[in-house]
Amino acid sequence: MTRDTHDEARELITLGDALSDAQQIWLRHHLEECVSCRDYAEGAAQMVRALRSLSVVADARLVRTTQMRVRFHAARLRETRERMWLVGMACLGVGLTATLTLPLLWRLFAWMGEQAGVSTLVWQAGFLFFFIAPALVVSVVLVARGNHVNSHGQGSRQC
Amino acid sequence: MNAAAYFLMIDMESEARAIARGLRRRDPQLLDRLIEQYQHRLLRYLLYLAGNRELAEDLFQETWLRVLERGHQYDGGHEFVTWLYAIARNLTIDYLRKKRPISLDGLMEDEEHAPAEPADTQPLAWEIVAQHEQAERISAALVGIPADYRETVVLRFQEGLALDEIATVTGAPVGTVKSRLYRGLNMLMSRLKGAQA
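Protein chains in written order, with this note's numbering: chain V, 1 to 159; chain C, 1 to 197.
These aren't lab readings, by the way, just hints derived from the structure by calculation. Among the clues, some could well be false.
Listed next, the in silico SDA-like pairs over lysine to any residue satisfying Cα-Cα at most 25 Å (straight line) [as the list claims (entries may be wrong)]:
#, chain 1, residue 1, chain 2, residue 2
1, C, Lys193, V, Ala135
2, C, Lys98, V, Trp123
3, C, Lys193, V, Ala41
4, C, Lys98, C, Gln134
5, C, Lys193, V, Arg69
Covered stretches of chain C, going by a simulated chain V footprint (3 or more residues, C-beta under 8 Å) [said to hold, decoys possible]:
#, region
6, 28 to 34
7, 72 to 78
8, 85 to 99
9, 134 to 147
10, 157 to 166
11, 178 to 184
Note that this is a predicted model, so its numbers are computed, not measured. Where a beta carbon is used, it is the ideal one built from N, C-alpha and C, also for glycine.
Full structure from sequences and hints, please.
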């Protein structure tokens, strides 16, 4: 019997119940003949029993804290998702309204330009400004708010 | 396959699908139940993976937060516990990589990482003290073997995962899992023999 045969048998022993029928038959046959592998099998079985007897217990505090954190995080994710949904719907609404009102506004500006007797370039520039004004206002407000938050945060850290 | 095994398999599949549906909805009740159901198993795995109780508890919480965030990725095609361990494992590796660029094996040389603690016992009777000492010896031996081997041994013999499930969790081929199991168990046995001598 070669050393490889014993190694193979011992490898199979460590695999436990993950053996095919043929492997089980071969191993059983080998263990009947080989004392050292039989000893190894007993040692391994004892080791596995000892490993299974080890208990690690998560305490109730850890479980409660985890459940609380998970619930809190779930609520935050839900809020973010709802907010994103609202932002998405608002963008859709704005896009649709802009698409529908654009030709009307264009005609209105053309008519006003004609009534005021200004050149085409002027009323078109006016129309462009009117069209992007809301976005400009929102950008300015957000930038101002960001500066305010930053300076306020730095101030409170310095205190 | 006999009838009982068949129905058990069907039951496990429907359970996995129910979990997948619940995770997609981020169902808080389901998550509470899962945390309770897998609390000991997950902590034990993390404890032997990280080698430190405090770190294992932090990772335990982070794992469940990750389960909440990525729950939609679980398709219910395999057992939930395999997916859970894979998440826990990736988080542990990420954490250890960020902390210091060493392999998991470096943990055991660190003095602050004490051997994993067995469950608290009341040292009133001699048998309990002896059991406690034996558990401490085994825990110390387990923490003393390289992390790859330790992980495989824990997943197989403590968590009862099949070889292919361990391969899924660790991302290693089944052949490697088998060899780690064999070598890991040998190291453990020789360490315990050395400790007893």
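Broken hints, numbered, in rising order? 1, 2, 4, 5, 7 and 8
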